[in-house]
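Colleague: Here are the chains, one letter per residue:
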Amino acid sequence: MGRLTIGSFSSPAGTMSLDFAIKLAEAAINKGHAVDLWLSGNATVLGNKDQKHYKDYSHLQKTVKLMFNSGRFRMAICEACAETRGCHKDITMDECIRASMDWHLASCFSADRVIMIGDN
Amino acid sequence: MKLCVFMSECRSGSDLIDRLEAEKLGIILVCNGVYHAAADYEIRSWLFPKNAHLYVLAEDLESRAIETSRVAPEFRVITYSDIVDLIFNEYEKTIWI
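As given, the protein sequences belong to chains V and L, one line each in that order.
Anchor point for the first sequence: position 4 equals 4 in my numbering, and the numbering is continuous, going up by one each time.
Anchor point for the second sequence: position 17 equals 137 in my numbering, and the numbering is continuous, going up by one each time.
Hints listed in this document are in silico derivations from the structure and should not be mistaken for laboratory results.
Every residue, glycine too, gets a C-beta built ideally from N, C-alpha and C.
Possibly wrong hints are sitting among the right ones.
Under 8 Å between C-beta atoms, here's a sample of chain V residues computed to sit facing chain L [as the list claims (entries may be wrong)]: (1) Ala28; (2) Gly86; (3) Met116.
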């Protein structure tokens, strides 16, 4: 099995591409691969604790927690992007890594496959 | 190089696709890009290079109520699980447009 690094830079609500990133990560983990997910920009909000599930919004946190339990999933948020959005360490999920872009570059260089998912 | 392009929007994107050179070129339609798979032949033939392997994501077709019967025959309807296999086994690099 291999390791897939996914970079996503779009919001958790109101866009489709972060949904795609999470579903792709879930499919890869279900097939036995390991996944590193890097989140920048508005996507960093996905690292917050206690996200409320509203019927008409996608609720990715549940899937993310299941993936953490697999032990083959790492999720890192850009610390600067998070801090500028008021997402400080105390409201960030414990399993979520807070790092600079170096973490993502290192992950890309050591991964078998890389996909950068833009914002739409 | 074996290159896989994720097309996620319903705009042409041919300005970029035309300039891609790959030993093997795959184009996977996802999100709103899936509308291209049900477009008229003239649009499709202009948009997608002849040698490209064409795929479309089943889940995104279903969430847009596009029946697979309306998908053009040159597209292979795939799932997220198939995408993982394609990424790891068939293609080396990926692009998201």
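Colleague: Check each numbered hint against the structure and report the violated ones by number, ascending.
Modeller: 2
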